[in-house]
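Number of protein chains: 2
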Amino acid sequence: MEKAQAKLELQPEGEQDPEAEAAARALLTDLYQFTMAVAYWRAGRAREPAEFELFFRRCPFGSSFALAAGLRDCMRFLRTFRLRPADIKYLASVLPPDTDPEFFEYLQGLDCSGVTIRAQPEGSLAFAHVPLLCVSGPLLLVQILETPLLCLINYARWGLRRRTRASLRAGGPGESGRHAAHSRFLASSSLVATNAARLRLIAGPEKRLLEMGLRRAQGPDGGLTASTYSYLGGFDSSSNVLAGQLRGVPVAGTLAHSFVTSFSGSEQPHAPMLAPASGQGLPRDLSTLAKSWLGKVCECLGLRAEETHPGERAAFVAYALAFPKAFQGLLDSYSVMRSGLPNFLAVALALAELGYRAVGVRLDSGDLLQQAWEIRSIFRKCASRFQVPWLEAVSIAVSNNIDEKVLTRLARKDSEVNLIGIGTSVVTCPLQPSLGCVYKLVSVRGQPCRKLTEDSEKQTLPGTKAAFRLYDPEGAPILDLLQLEEEPAPRAGQELRVWPLDVSGGDCRSLTLTPASLEPLLRVYFHLGQVCEPIPSLAESRTLAQKSLGCLSPSHKRLEHPEPYQVALSEKLHALLKGLVQSNQEGP
Amino acid sequence: MEKAQAKLELQPEGEQDPEAEAAARALLTDLYQFTMAVAYWRAGRAREPAEFELFFRRCPFGSSFALAAGLRDCMRFLRTFRLRPADIKYLASVLPPDTDPEFFEYLQGLDCSGVTIRAQPEGSLAFAHVPLLCVSGPLLLVQILETPLLCLINYARWGLRRRTRASLRAGGPGESGRHAAHSRFLASSSLVATNAARLRLIAGPEKRLLEMGLRRAQGPDGGLTASTYSYLGGFDSSSNVLAGQLRGVPVAGTLAHSFVTSFSGSEQPHAPMLAPASGQGLPRDLSTLAKSWLGKVCECLGLRAEETHPGERAAFVAYALAFPKAFQGLLDSYSVMRSGLPNFLAVALALAELGYRAVGVRLDSGDLLQQAWEIRSIFRKCASRFQVPWLEAVSIAVSNNIDEKVLTRLARKDSEVNLIGIGTSVVTCPLQPSLGCVYKLVSVRGQPCRKLTEDSEKQTLPGTKAAFRLYDPEGAPILDLLQLEEEPAPRAGQELRVWPLDVSGGDCRSLTLTPASLEPLLRVYFHLGQVCEPIPSLAESRTLAQKSLGCLSPSHKRLEHPEPYQVALSEKLHALLKGLVQSNQEGP
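Residue numbers (the numbering used here), protein chains in the order written: chain A, 1 to 588; chain B, 1001 to 1588.
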């Protein structure tokens, strides 16, 4: 797994990268990026140095945090960005017919060799308004990159639901701050990794979480992205084989109802002989053996063997013959208690007689918690009755539209569920299915830029910035600080005056604090067209995510009504912002 | 546009298809498909003839209809399906170590040459439980195809929100029927095309609808799918250039705030000379000309020219110089009424003086309907004052989180909005973001199969089927009929006894009706590995969708609480279903 990741990092050109070709689609962008490109070019501004910031305005799902993820996809795109002759020809066919032909010649040479990217590390905690990516380079090019970068980042990332102020506070960390009303009508953006992290927080560290949402994903790479980033956010594995092959996500799987129902039981069992696990002794007919065990199981449980479905048992036998060391049963194709469970036990005990251990059962309907209790109790009964101690601990997996609420119940302390398969609600982020990252111009030719729209929600923070995370003496993050890049970095142990962020430009009180330690948040990953710092492997990023979440105070980590995490501006940045707001109010 | 589509159809091998490589990812599937494959193969059943049906159980968004879409993606996948040596090697590394090595040899020869697909035509109306795809072929293979087909279809398609009965009725079309409670907790699946069709129904036929959600889509092909199928569902165009290049969707675009804010106004205007449209007369300095027009505009509107932003005007001039015949202004980077609008008018009137016509303005914040009224009134005032009649009719485009509710307001009869850009709410289907198609085994070796779980919601209809749509004398569809494939087709003008569908197997009354006309719903598009009927172009499917929707009765088309559309079973299929339910209740 780690090897596959490492290999990607060593391919600066991306030719061997199986995903590079798809990633390299330079026309994956909005047409207006190219109409603007014509206009920048016509105005002689194509190569002016500019910087855009990619950030989100509100954490998703009402959480106070998000996880940074998706950097690798961005690097892959940038490394291979080029307009092929066919792309340019197509553009010429859709741009206005009087577009200067020289513009299309200019496009031929366009690549990312002038682009530099600073970013927050993959898997780290991220908060509203702190840039995830700072993209600097020639104005025309970094403008064109807007849509593909948002498209790549947004799905792997964040959104908005609460109004901005809910994620900001006027006071220090100890004060209660002001909360704003939810803005429910903005059913909007989301992050698979953050979503997965929430589900992991609910499930606790013990339950195994399997992502199985490929069939519910938004197309093939929606599925790939979902599988990759749910793993980063804290899932244990995915059913998506392609995510395993391309991204190194551990894969897992069992069997489906169609397999079970495809057996009627009237089939002649095919090659039913199975040799004992030890290799010693004669092979036995597993089908016959299971049938004889069925009688004993039904007797023990007070069931009628005639009520069990023979096709289901034939399916279990077929599966056990294929995987005698990894037998699993799907119990609810017919009746769980009257058919699925006794059939599973019959096959599991037949295998046991040959020295094999069954590994698990899965339930896909009904009251999952209740059934898991009943099944565990029957496992215990049979383990004791038939002296097969391991049977007691056979893994119980459940699935079927599991969302945060259902998961909360399944994760109860006394739950007997071991593995939880989640599809739809992890890959589609139903709590907040749409996506809210934005990409805003912050400087041109070194001069800070700012959109000063009448809609204060949509205003932006001007200038090229640095960002720092400030920690308390226990190592918990207390605040993210944004400042202008040219300012000296704050120092640990030194008192600092900062301005809690209020994008509306309204009045707010400053506060002073002394960080016990701090770290810069933005690292240069891509410098003038070259990847200059390796992106950690997916598994490393997953570890970082869990570690960062572990340090975050429980009050911020709470899933319902968390205390908002504070983002603040340096004095200088605050002054710049105030100055621009004022000059706009007075007119230019 | 049509050419691009036609080309795809002529490439049976897909080698030249720019999307084929990505589509051909045979490992885009759940691992359990391969564990089951091992077990089918081990049981000697790999090549048994089998049929799966792909269908949805409830129409999305509380609608009574959905649109069939996504067939082309499925054909592309099937045509190119093959496991490469690297895929097989990867599978061997993740399947249990004792998997029989011969299985992997078997996989090497696997392709879709034994697969046949019947499907509803692309763009036609589709209803719950009527198969969208019937996939027949060797059991092992058609099982493996489950996940990729669902992944490809689901995003392009449907979902569930209401409980099944809400979409079924016991009585005939004239009766009121029974409605069940909504099942809100099942926040689930959706269809971009259906979503787009709903938005088109709200907008009415006149307003132009632009899909601009690429940056909010679930990754690159989520974006491509969204752009393609929102066009099919009734949008006019997309901002997504790749969807234009690969799928022939008409593309459109304007300019963004970053373009406007990148100009400070202090720049030296670059090559500001513009020749008159007629080609006769001397070039004029557009920047100077616009400045002089600004004075007149402000005087006419009672505004102060000093309040307008010079950077915004410089941006408009730059855009107009690049596209003198297609000038558009984005009005809300600063103040719409005090800066954006007078700057736009200044540049538009300067262009007018040179014989050019501006084409539009865009608003991206604030009260869009109200502003459009004000802007139109100012356009009229200036058109009359400066004797530029076309100015009155300049297109007003709006965007900014437009959902069904906002659209309803913007589509009012007296609205002055001409073009509506919709992003998030068309591509992410927030009303129902997750997806609900299922893929169920209906026959093996010619024998009907059925999952008879205790969860009646999850039960399936057995047997290989035919499906017909029955029409009333006015050509409105009244009912979809499912029957066994071997039954004779129903005939127009002949009385028919049918059983309204009740998947729970409960009692329901039959009804008799006499269709004025009917049409078979399932066509063979792919026969034994070959595309055997060309899939209509995207534009043709779009036309079919609008035509089919046009025939549907308004009571079914209503977006809130529509009358459910009826699906019914033939006597024979009903009897088979009853028999299987009964035999299961009595035990096998």
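Read the hints as simulated data drawn from the structure, not as lab findings. Note that CB positions come from ideal geometry on N, CA and C, so glycine has one too. Don't take every hint at face value.
Straight-line alpha carbon distances no greater than 30 angstroms define the calculated DSSO-like cross-link-like pairs of lysine-lysine that follow [said to hold, decoys possible]: (1) Lys557/A with Lys547/A; (2) Lys405/A with Lys1405/B; (3) Lys1405/B with Lys1291/B; (4) Lys413/A with Lys381/A; (5) Lys89/A with Lys405/A; (6) Lys325/A with Lys1291/B; (7) Lys89/A with Lys1089/B; (8) Lys325/A with Lys291/A; (9) Lys1405/B with Lys1296/B.
Between beta-carbon pairs, the in silico distance windows are [to be verified]: (10) Gln1370/B with Leu559/A: 36 to 42 angstroms; (11) Arg1284/B with Thr512/A: 56 to 62 angstroms; (12) Thr1288/B with Gly109/A: 32 to 38 angstroms; (13) Gly44/A with Ala1275/B: 15 to 21 angstroms.
Hints numbered earlier in the text: which of these fail when held up against the supplied structure?
The structure conflicts with hints 3, 5, 6, 7 and 9, although it agrees with all the remaining ones.
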